[in-house]
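Student: The residues making up each chain are set out below.
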Amino acid sequence: MRNSISAQMRKCIARDVRPEDGVWFSPDGERVHQSLWDLLRSKVTMSGFRQLLLLSAILVVPAFSFAQPVAPAPTTQDQIAALQQSVQNAQMNADNAWMLTSAALVLLMTGPGLALFYGGLVRRKNILGTMMQSFAMMGLITILWAIAGYSLAFGHGNLFIGGFEHLFLRGVSLAPNPDYAATIPEQTYMVYQLMFAIITPALITGAFAERMKFSAMAVFLSLWSLLVYSPMAHMVWGVGGLLNANGGSIPSLDFAGGTVVHITSGVSALITALYLGKRLGYPHTNMPPHSMVLSFIGACLLWVGWFGFNAGSALGSGPLATSAFINTHFAAAAAAFGWTVAEWIHNGKPTALGAISGAVAGLVAITPASGFVQPFPALLIGVIAGAFCSFMVFEVKSRLGYDDSLDAFGVHGAGGTLGAILTGIFATQLINPAFGKGIATGGIDGHWRQILNQSAGVGVAWVISIVGTLVLLFVVDKVIGLRVSAEDEHEGLDLSQHGEEGYDLNT
Amino acid sequence: MLPGLIRCVARQLLMLKIEAILQPSKLDAVKDALLEAGIEGMTILEARGHGRQKGHTEFYRGREYTVDLLPKVKIELVVTDDRKENAIQAIMSAARTGRIGDGKIFVSKIDEAIRIRNDERGESAL
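Read top to bottom, the protein sequences are chains Y and X.
In terms of the numbering used here, the first sequence opens at residue 1 and continues consecutively.
In terms of the numbering used here, the second sequence opens at residue 508 and continues consecutively.
Worth flagging that the hints you see were computed from the coordinates, not collected in a lab.
Some hints could be false.
[As the list claims (entries may be wrong)] With a straight-line cut-off of 27 Å between C-alpha atoms, the simulated DSSO-like cross-links for lysine-lysine are:
#, chain 1, residue 1, chain 2, residue 2
1, X, 581, Y, 125
2, X, 579, Y, 125
3, Y, 478, Y, 278
4, X, 581, X, 591
5, X, 591, X, 561
6, X, 524, X, 579
7, X, 561, Y, 349
8, X, 579, Y, 349
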């Protein structure tokens, strides 16, 4: 029976045929189809295209019952404007995605990167105390930054310090702040910079490891963050800052914080080590690391996290971030190589501690240069930093006799200084036309004067660190007292400061 | 004959403590040798020390320093006098390498031995 599909359907619906157990019978009782769908399908294959067209027409008609009142078609201008907005949104979202990831990576550097790196280098009785110092920064500095730190660093102020316009993050919204980063919300910028503010004081803890009171450390570093870090950040990165590459009086190139983070923390570390004095028993008692395993893990976390530190300082996800990423990695690898070779020659054996310290030294040195130099200069900077910082630690520290327990000065202070100067030499407009298109950036572009500017930046960092740290140490010492008692130092910070033990070897 | 008998009985009643200080790498071999010799109870301690054996040098931040206190293992056994020589031979054959640092064995007398579980005293508590 070559009935049309509609006829068949009409029959079924007209109760001539009823579906019994999912089977549709033809009027003469013969079992014909397994299901209505089968019925329909068989009709389609039999009658082909026409049936398909009819079926689709039947199915589409209900859609029109939901149709909106028809609007006039958008003009081409409107469409282009909407398209441009979409493209801009897409770019902004891409930048924001990378920036949020970078912020997380930088926090990872402090916790647990630095906590483990430093923790493994101290004696077992001090592990928790050491880790607590880094962790305390994660908590304290966040609060201070939100209240006043961000405003003092990035608010409008004068050459040396910002202002109070963003106290309690007033005015810091999800809209971009074009002064700093035009494609990401200002809150992203703020939280990214917060992670830098957290790690900088945490680095200093390496110098006074194993002998500083927890309370004194918390107060000292809180004040340091507001009175040394924020001003330095303002001078280098803040609008109107003395050393700002964009229009500062002495434009200095510091891509991710060689001066702001590493020189300040390293030099402050040296001052603190000198002020507090040596650990009891130093240097004739051996105080080797209690767990190189932890330090190794920490150093690797630092290396990976540093991609956020440097490549994130591109403030976007474009090619400049790629340059910074590559430079970071190349410098770390080359510096690990450099330190290892130097140590192999010096001692006859390459140590794990030397290798990881070398990597960190390279990362420090490339920090100011990461977004300004080409890859092979980055390798060169790394090798030089590895060799130079190893020299600082092997020879200079033991000759001068200061107890910079974890080499915060030897690696960060010295490495940061070296890196800042080398940035002046190797910065090029081919990577980053920081002073304007077509204008020479650094030495290899012909702008050798930049080295002087870099030196000025270094000088400012040293001075503010020395003066600020000395004043704060003096004040906190008089009010609270900085150093633990001799008994507490013998017992270890874990028990004396925190009433805990890092490891319970009895259970 | 009687003196010999008395001596023999006395040796089964006299309790001696054997302390052996060994290289940690020899611990398993010595334990196995003692078990083979029929001695089951022992106490093992981790110790540090040195005799004439020099330490080793390590590096920290470019400075070389010697580590004098080397890891050692100490085994303590309490046995009756008649088994003393077996125990000592078992230890020595398992632990000897012929080099400086093999270790030492000390023997001392024990006044009392008591089993905590049932208050047995004397050599039957061993």
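Student: Check each numbered hint from earlier against the structure, then list the numbers of those it violates in ascending order.
Tutor: Those not satisfied come down to hint 5.
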